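Keeping their order, the protein sequence lines are chains A and B. Residues in the first sequence are numbered from 1 upward in steps of one, following this note's numbering. Residues in the second sequence are numbered from 1001 upward in steps of one, following this note's numbering.
These aren't lab readings, by the way, just hints derived from the structure by calculation. It cannot be assumed that every hint is accurate.
Stated by the list, open to error - Heads up, incomplete: computed chain B residues facing chain A, CB under 7 Å, no partners named: (1) D1008; (2) G1046; (3) R1050.
Owing to the predicted nature of the structure, the values given are computational and were not obtained by experimental measurement. Note that CB positions come from ideal geometry on N, CA and C, so glycine has one too.
Chain residues, written in single-letter form:
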Amino acid sequence: MRAILVGLGVVGARSARQLLSSNSISELVVFSHRAAGADAKVAALGGAGVVRPEVLSDASFSEALRGASVVLLAAPGLRFWHAEESVRAGVPVVSVSDDPGEVRLLLDLDGEASRKGVAVAVGAGMVPGLSCLLTAWAASSMDALSEVHVASLGTGGPACARRHHAALREPVEEWRDGAWERKVASSGRELVWFPEQAAADCYRINRPDTLLIARAFPGLRFATTRAAASRRDRLTSWLPMLRPPHPEGTVGAVRVEVRGLRGGAAETVVVGAGGRPALLAGAVAAAMAARAASGQLRAGAGGLASLVESPGEVLADLSERGVRLVTFEGATITPG
Amino acid sequence: MDSGAGRDSGKTKLKLLSRALLAVGLAALAAIFIRLRGSGGTPPHGGGWRELSATDLEPVDKK
């Protein structure tokens, strides 16, 4: 398999390591915006003789597309052209973007991707990504799905932290009673118990999980997304970041609460995972890239819940890659 | 009878005091706004996280 990776930030590097560890890669072309420092980063990945660093340009990207099995977009600030060009060339695309604007653009490729018979896996990180897989897995055990509530803690690399900062001030679209409803960001405080972490106050955030999940489950009534944030995070979200973000977040978790009906009775399933956000995102991105390359995803553009046939298999794969997946058991959870 | 300098000093102090009160008031309003938005949650009284096993993740029809 010949794979193309665009972006060698924290999530990009984690994805590359995961891809290389699978031993299914014959060549990994790594595109970065700047030549300076790229060689050292590529050397740190290992995989001698397999990884080929390139400086990103339209010509070099088009050239690399020939014979490629998959394109993994992990650079902040998506260039839609890369995705469009890949689909045009019949190469599946996996994107880790968590920017709702970028996600909407990628979803617009649905028609073209379906015609070409390739997958455009949108939001293949921790949130969205792992959140969509956990939702799909929990939903597969239910007769009817009514509500999905996603919460997350922590950020991956600096780009992810900057996005989190902006998303706490942008208007939030929530899926309520089968329609989109605009909410104020950083509102709707909810105390969430995350796996492997203490509880954290979570607030509405402008992330595309809701959009991707609502598209995947047409009968869904409610879908919300929240993220853990401190008072300082919320108060300063209206200002430029006061200090540079950390190189990589060390604490992270995702929690998904799925409500529906099973055998005519109301059912709630709570699932989650804990770990470094970039590690979780990298594992999901690599697993999806491997599946996209081998044609195991449905054709078209969509979130992971839309494209994956068997979410349990992907989760089992992630579990083998070291992602600890958990479910909450033993307490009656009353709808809030 | 106050001198002009005394009146100016009094005015300055009053201005300073009113500004300080305004700042304290705004800070209190902001704190109330931040504190009161949202309803919090109820902690779970029992149960805990259990790791999903390979068997859990196998595709099963309506487990």
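Verification of the supplied hints:
| no. | hint | in the structure |
| --- | --- | --- |
| 1 | D1008 | 37 Å, violated |
| 2 | G1046 | 5 Å, holds |
| 3 | R1050 | 5 Å, holds |
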